[in-house]
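From just these sequences and the hints, can you work out the full model?
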Amino acid sequence: MSSFPNITSSSLIFFLMGVPGLEAAHTWISIPLCCLYITALSGNGIVLFVIITESSLHAPMYYFLSMLSATDLGLCISTLVTMLGIFWFNARQISFHACVAQTFFIQLFTVMESSVLLAMAFDRFVAICKPLRYATILTDSRILKVWFAILIKGTAILTPLVLLLKRLSFCQSHVLHHSYCFHPDMIQLSCTDNKINSVLGLTALIVTAGVDSIFILLSYILIIKTILNIASPEEQHKAFSTCVSHIGAVAIFYIPLISLCFVHRFGKKALPYVHTLMASVYLLIPPVMNPIIYSVKTKQIRRSIKKVLFPKGSEL
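So the sequence shown is residues -24 to -1, 1 to 292, counted in mature numbering (1 follows the signal peptide of the UniProt record, and there is no 0).
Please keep in mind that the hints were generated in silico from the structure rather than gathered at the bench.
Everything numeric in this text was worked out from a predicted model, so none of it was measured.
Hints may be right or wrong, so weigh each one.
Unchecked claim - Lysine to aspartate or glutamate pairs mimicking DMTMM-like chemistry, simulated, CA-CA at most 25 angstroms apart:
1) K201 to E211
2) K106 to D169
3) K283 to E30
4) K129 to D116
5) K275 to D169
6) K106 to D116
7) K282 to E30
8) K121 to E30
9) K106 to E210
10) K106 to E211
11) K142 to D169
12) K275 to E(-2)
13) K273 to E211
14) K283 to E211
15) K273 to E(-2)
16) K273 to E210
The structure is reproduced here in structure tokens:
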């Protein structure tokens, strides 16, 4: 039996590896990583600020976009301390309870982002398929209820995962092969039966992101059907252009997520740093790209950002 004691208390310490196999390059890796964090935090912060302060953006579409930005900010902040701590200060230690808390918040904001993308798909569906009822269906009170429902749904689904993590014992290696606490990585270190944790984690992913993606797809099938029934090509193009930003946000969220799942499940022979880099891409690319996509593709957001950043120039 290993000399490590069977403990899951506050005295248990995990060690984060950063990028396995590329430890010598951590200083160089920190440069693009820091740039990504600055871009994500500033981009989403600006989008959130302009939506709150600009009365012209107080509409359902932009309320949902503010939810997406808030979720992306939460996702960035959840990993910021450990990732930059490793690459800047070689701070690899993290307590068991801090690791569990980080795992919970990473998964919570991931689940919430999936749900927000579904809500945004419903917003586009109502705007295109039922435009005359748009204002009566998506009222401010209903949008607020959707936000609370998304938060409660994520918390209810993920709380059992946290409770089940606390029952595990870790009597062998305490080394986690990522720059943050990753749920599958944690349960693999357990010396007790972790089948329930693995099954429940997979179930939570299917119930949230899996179900959400199906309803997003169904929404767009109905949207495309409605657009094709519009006689004017100009009106078709105008209707479809309102969905481009959302389609981009869905793609940059689900493609890295699906890729990470495939690499984790079937890429056992892949180099160690492939898993870590994929996990970092999955967490950082959506928060970095979402504000860029919406700033480029949405004229109202672009104008409001210019007004905030260049107030004198916007008056010309």
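For the pair supplied as a hint, K273 and E210, confirm whether the alpha-carbon distance does not exceed 25 angstroms. holds, 17 angstroms
Hinted pair, alpha-carbon criterion (25 angstroms max): K142, D169. Please report holds or violated. holds, 13 angstroms
Would the hint linking K275 and D169 be met if the CA-CA limit is 25 angstroms? Distance ~53 angstroms between K275 and D169 Cα, so the pair is violated.
Check the hint pairing K273 with E211 against an upper bound of 25 angstroms on the C-alpha distance. holds, 17 angstroms
Just to be careful, I want the Cα atoms of K273 and E(-2) compared with a cutoff of 25 angstroms; is the pair within it? Cα-Cα ~39 angstroms, so violated.
For the pair supplied as a hint, K129 and D116, is the alpha-carbon distance within the 25 angstroms limit? holds, 20 angstroms
Hinted pair K275 and E(-2), Cα distance within 25 angstroms: violated, 43 angstroms
Distance restraint between K283 and E211, which requires alpha-carbon spacing of 25 angstroms or less: Status violated; Cα separation ~29 angstroms.
Are the Cα positions of K282 and E30 separated by 25 angstroms at most? Distance ~12 angstroms between K282 and E30 Cα, so the pair holds.
Hinted pair K283 and E30, Cα distance within 25 angstroms: At roughly 10 angstroms apart (the allowed maximum being 25 angstroms), E30 and K283 satisfy the hint.
Hinted pair K106 and E211, Cα distance within 25 angstroms: Answer holds: K106 to E211 is near 15 angstroms, not above 25 angstroms.
Would the hint linking K106 and D116 be met if the CA-CA limit is 25 angstroms? The given pair, whose Cα atoms are some 18 angstroms apart, holds under the 25 angstroms limit.
In this structure, the hints that do not hold are numbers 2, 5, 12, 14, 15, in rising order.
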